[in-house]
Amino acid sequence: MSVSLYPLATLAQIEKTPSREDGIPQNLEEDLRAYGCKLISQAGILLKQKQVAVATAQILFQRFWYVTSMKQFGIGDVGMGALYLASKLEECPLRMRDLINVYDLLLQRAAHTLSSSQHDFKYAPMSYFGNTFYDLKDALVVAEMQILKRLGFHVNVVLPYGTLVNYLRVLGLTNRSEVCTRAWGYLNDALQSPVYALYPVPTIVSAAILLTTRHYGIALPSDPENCWWELFDAEWEDVWSVCGYIMRLYRQKDPMEQMQLLTMINKKGVRQWLEENHSNSDVR
Amino acid sequence: MARSRVRLPFTTFHPFVMSATSTSAGPSTPSRKRSRWDSEDNSPDSPPQLAQPQKRRAKSEQHQVKPQSLKATNSTPANAPPRITAQRKQQAHSIYVPPRTSHPPLMPSRSVYCYERLNSIEEGSYGVVFRARDKETGDIVALKKLKLDEEKHGFPITALREINSLMVCKHENVVGIREVVVGDTLTQVFIVMDFIEHDLKSLLTLMPSPFLQSEIKTLMLQLLSAVAHCHERWILHRDLKTSNLLMNNRGTIKVADFGLARRYGDPVGVGGLTQLVVTLWYRAPEILLGATTYSTAVDMWSVGCIFAELILKEPLFQAKGEIELLSMIFKLLGPPNSSTWPEYSSLPLAKTINLPPYHPPQLRQKFPYLTAAGIDLMSKLLTYDPEERISAEDALHHPYFSESPHPKHPDLFGSFPSVAAGEKRRKPDSPAAPIRAADYKLLTEFDLP
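Those protein sequences? They're chains A and B, same order as listed.
Residues 1 to 284 (this note's numbering) are what the first sequence spells out, left to right.
Residues 1 to 449 (this note's numbering) are what the second sequence spells out, left to right.
By construction, these hints were calculated from the structure, which means they are not laboratory data.
Fair warning: this is a prediction, and the values are worked out from it, not measured in the lab.
Quick reminder that beta carbons are idealized off the backbone N, C-alpha and C, glycines included.
Wrong hints could be hidden among the right ones.
Said to hold, decoys possible - When the alpha-carbon atoms are kept at most 25 Å apart in a straight line, the in silico DSS-like pairs for lysine-lysine are as follows:
#1 K16(A) with K149(A)
#2 K253(A) with K267(A)
#3 K50(A) with K313(B)
#4 K351(B) with K331(B)
#5 K137(A) with K149(A)
#6 K149(A) with K320(B)
#7 K38(A) with K50(A)
#8 K253(A) with K137(A)
#9 K16(A) with K137(A)
#10 K268(A) with K149(A)
#11 K267(A) with K149(A)
#12 K313(B) with K366(B)
#13 K38(A) with K16(A)
#14 K149(A) with K351(B)
#15 K152(B) with K149(A)
#16 K38(A) with K267(A)
#17 K137(A) with K366(B)
#18 K351(B) with K170(B)
#19 K48(A) with K152(B)
#20 K149(A) with K313(B)
#21 K320(B) with K331(B)
#22 K408(B) with K351(B)
#23 K71(A) with K268(A)
#24 K408(B) with K137(A)
To be verified - Label pairs and their computed distance ranges (CB to CB):
#25 A372(B) with C227(A): 49 to 59 Å
#26 M328(B) with V165(A): 27 to 37 Å
#27 E116(B) with L220(A): 56 to 66 Å
#28 M256(A) with L276(B): 19 to 29 Å
#29 T132(A) with E314(B): 58 to 68 Å
#30 Y128(A) with P98(B): 23 to 33 Å
#31 Q26(A) with P98(B): 43 to 53 Å
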């Protein structure tokens with residue numbers, strides 16, 4: 001077995017992300033990150049792409065926003081670029097046209113939801129040589145290159161699933177399939193939060209196990225002298241913080257908030273929001 | 001999923017702990033407009049570098065800035081020494097869970113203008129390699145420019161594999177990747193690697209007398225430990241040969257050119273692997289016969305060929321084509337049969353080959369002065385059946401390395417004039433990687449035409 005050192009955000013990057021520097025509040029940024037990751041995941045399902053590639057894409061996507069502001073690049077484009085790049089990294093490359101078609105569908109669907117029209121959504125495929133294709137293609141190529149460049153080509157990603165299996169075995173929980181499934185689910189949901197860019201894998205896996213065992217009321221050694229998470233080299237405060245990130249994903253959003261996110265898929269929407277919200281009162 | 005028992009902690013990061021220094025800005029563009037770094041010499045107005053720039057360890061500085069753990073540093077200044085409690089905790093960590101501080105930070109690529117171009121080392125269809133000096137530390141490095149024009153599929157997957165393999169396989173005997181830097185436009189990307197003076201191919205041809213057994217053992221141990229390291233990290237090199245083994249003046253070899261490397265999985269070859277890999281002379285028989293699910297054993301065959309080349313001072317199988325290569329292999333090792341290679345007949349191209357009548361292996365005749373243990377290692381590396389071929393890990397513990405003469409300490413190796421650094425000597429011909437591969441092959445041999 002060997003140690004793999006994947007990059008994590010520095011404290012300075014976490015304290016002040018580029019988007020917050022530009023005036024996007026932390027909550028909104030987190031919601032936009034989660035929304036971008038959902039788009040990646042939806043695209044991955046529609047493309048029948050492997051989960052390893054989808055997960056890798058989401059992690060690269062999360063890392064990207066510690067070095068770039070959403071005012072500068074849209075979450076739609078960067079998500080698309082991340083999925084394209086991650087598919088290469090995981091040796092299951094996608095056809096550019098397939099990916100673009102799927103993202104076009106997702107964008108059209110978002111636009112349809114926004115328009116609040118009475119009709120059901122009906123996808124209108126783009127023309128083969130139309131501008132839509134070339135515009136999206138340009139955006140895709142630029143996004144991929146920007147991800148590489150801004151992450152310094154450190155695109156090494158370590159996925160948490162193997163570690164989870166390992167830890168569940170150590171804790172003797174593998175015979176309860178609902179526990180395994182739920183912990184696995186938390187790991188997948190956590191991909192929509194920034195934690196994979198913030199904490200090492202053992203901490204995140206411990207958090208997934210903590211949430212799961214609490215949900216099912218399973219007791220694990222938690223006395224100050226011997227706590228089970230210490231076995232996995234995780235610190236309580238870190239595990240707790242990861243739990244917080246994960247649980248925040250499930251909070252109820254009001255419909256207006258939800259709609260607001262849909263308008264901010266691209267940087268144009270983000271800039272418009274910033275203009276509207278900072279024109280009268282400068283929050284910074 | 002609504003849960004009530006877990007209280008949501010609010011994020012504990014406060015804006016008042018703004019670190020003064022390390023906001024990551026993008027690479028600064030030089031004031032001169034569109035001056036192509038690699039077009040011609042550096043700006044004439046830049047003062048000649050007389051004094052060596054001050055050596056600075058950029059890496060260790062970064063480490064100090066980084067937090068031990070997210071919550072621990074909120075109260076301490078960024079560059080304060082780690083607290084004692086934290087240090088004690090750190091030692092209790094499993095070696096497989098390094099502390100957060102040893103993870104690299106998220107850092108954008110720097111600009112290529114951080115380097116001063118010296119001389120070009122090699123130029124090919126796939127890219128150019130320059131020798132360059134880091135303006136900040138004064139270190140001499142090798143800079144490989146990736147060719148990214150007319151890419152139809154975004155950033156080429158082969159270049160990604162190369163960069164990723166180099167980053168994942170960091171090892172004493174693998175050429176060190178320092179960073180990837182970018183030029184003015186999105187099409188200019190350079191891999192920055194440690195500069196190594198020689199490649200083994202030119203050394204073997206130029207050196208007056210062959211390597212001693214003790215030296216061969218040292219080189220083989222280094223090569224094997226590098227290959228074992230890559231395989232452990234699920235990377236196949238797929239182009240091991242003497243011209244891709246670099247050697248410094250301190251007796252250390254470094255595996256280079258990961259232009260054909262890729263990750264493999266378990267089970268191997270999901271999605272199929274190409275047969276257009278490994279320079280012909282070092283290509284394993286299963287690839288020659290069209291296998292699409294080859295694995296780590298292909299690298300081990302190449303290691304066997306390199307082992308033989310170190311002894312013979314010339315390549316073992318100098319064939320002009322694949323058929324000639326197969327017949328040379330059959331001649332040296334005896335043709336394969338159902339006991340030495342059970343899967344032989346099921347390989348795609350096996351039916352197209354006429355096997356010569358059986359004869360025993362000729363290794364002893366080929367290497368009359370090699371010890372029995374040496375012959376044994378050679379035959380285990382050049383084993384037909386990929387399943388039976390020795391692994392790098394096992395080869396490291398082969399008795400050949402523990403018998404007399406013992407491996408020579410690297411410091412006791414002689415030094416040689418470096419061709420790549422411009423120290424005069426002529427280079428011999430060396431065969432190129434396969435044609436299709438050559439388009440993607442991005443890291444070059446460090447020898448002059």
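We went through each hint and held it up to the structure:
The suggested pairing of K16(A) with K149(A) holds, with an alpha-carbon distance near 21 Å, which does not exceed 25 Å. Between K253(A) and K267(A) the alpha-carbon distance is near 22 Å, which keeps this suggested pair within the 25 Å criterion. This hinted pair does not check out: K50(A) and K313(B) have alpha carbons roughly 47 Å apart, beyond 25 Å. Distance hint between K351(B) and K331(B) is fulfilled; the C-alpha atoms sit about 19 Å from each other, no more than 25 Å.
Among the hinted pairs, K137(A) with K149(A) is consistent with the structure: their alpha-carbon atoms are about 18 Å apart, no more than 25 Å. Taken as a hint, the K149(A) and K320(B) pair is broken in the structure, with Cα atoms around 42 Å apart against an allowance of 25 Å. Of the pairs offered as hints, the one joining K38(A) and K50(A) holds, with about 15 Å between alpha carbons and a cut-off of 25 Å not exceeded. For the hint pairing K253(A) with K137(A), the CA-to-CA distance comes to about 33 Å; that exceeds 25 Å, so the pair is violated.
Simply put, K16(A) and K137(A) have alpha-carbon atoms about 32 Å apart, too far for the 25 Å limit, and the pair is violated. Between K268(A) and K149(A) the alpha-carbon distance is near 22 Å, which keeps this suggested pair within the 25 Å criterion. Restraint check: the Cα-Cα separation between K267(A) and K149(A) comes to about 19 Å, which is no more than 25 Å; the hinted pair holds. Between K313(B) and K366(B), the direct Cα distance comes to roughly 13 Å. Compliance with the 25 Å bound is thereby established for this hinted pair.
A distance of roughly 24 Å separates the Cα atoms of K38(A) and K16(A); the hinted pair therefore holds under the 25 Å criterion. This hinted pair does not check out: K149(A) and K351(B) have alpha carbons roughly 49 Å apart, beyond 25 Å. Annotation: proposed proximity of K152(B) to K149(A) holds, straight-line Cα distance about 19 Å (limit 25 Å). For the proposed pair K38(A) and K267(A), the alpha carbon gap of about 18 Å is at most 25 Å, so the pair holds.
The suggested pairing of K137(A) with K366(B) is violated, with an alpha-carbon distance near 58 Å, which exceeds 25 Å. A distance of roughly 42 Å separates the Cα atoms of K351(B) and K170(B); the hinted pair therefore is violated under the 25 Å criterion. With a C-alpha separation of about 23 Å, the suggested pairing of K48(A) with K152(B) holds against the 25 Å cut-off. At roughly 43 Å between alpha-carbon atoms, K149(A) and K313(B) are farther apart than 25 Å, so this suggested pair is violated.
For the suggested pair K320(B) and K331(B), the alpha carbons sit about 16 Å apart, so the restraint of at most 25 Å is met. Proximity of K408(B) to K351(B) is assessed by CA-CA distance (about 46 Å); at most 25 Å being required, the pair is judged violated. Between the alpha carbons of K71(A) and K268(A) the distance comes to roughly 8 Å, so the proposed pair stays at or under 25 Å and holds. Under the criterion of a C-alpha separation no larger than 25 Å, the hint pairing K408(B) with K137(A) is inconsistent with the structure, at around 56 Å.
For the pair A372(B) and C227(A), the supplied restraint of 49 to 59 Å holds, since their beta-carbon distance comes to about 57 Å. Between M328(B) and V165(A) the CB atoms are about 47 Å apart, so this pair departs from the stated range of 27 to 37 Å. At about 58 Å, the CB distance of E116(B) to L220(A) agrees with the hint of 56 to 66 Å. Range check, M256(A) to L276(B): about 57 Å between beta-carbon atoms, so the 19 to 29 Å window is missed.
Here the CB-CB span from T132(A) to E314(B) is close to 59 Å, well matched to the stated 58 to 68 Å. Distance hint check: the CB atoms of Y128(A) and P98(B) are about 50 Å apart, inconsistent with the given range 23 to 33 Å. The given range of 43 to 53 Å is broken by Q26(A) and P98(B), whose C-beta atoms sit roughly 29 Å from each other.
Consistency with the previously given hints fails for numbers 3, 6, 8, 9, 14, 17, 18, 20, 22, 24, 26, 28, 30 and 31, ordered from lowest to highest.
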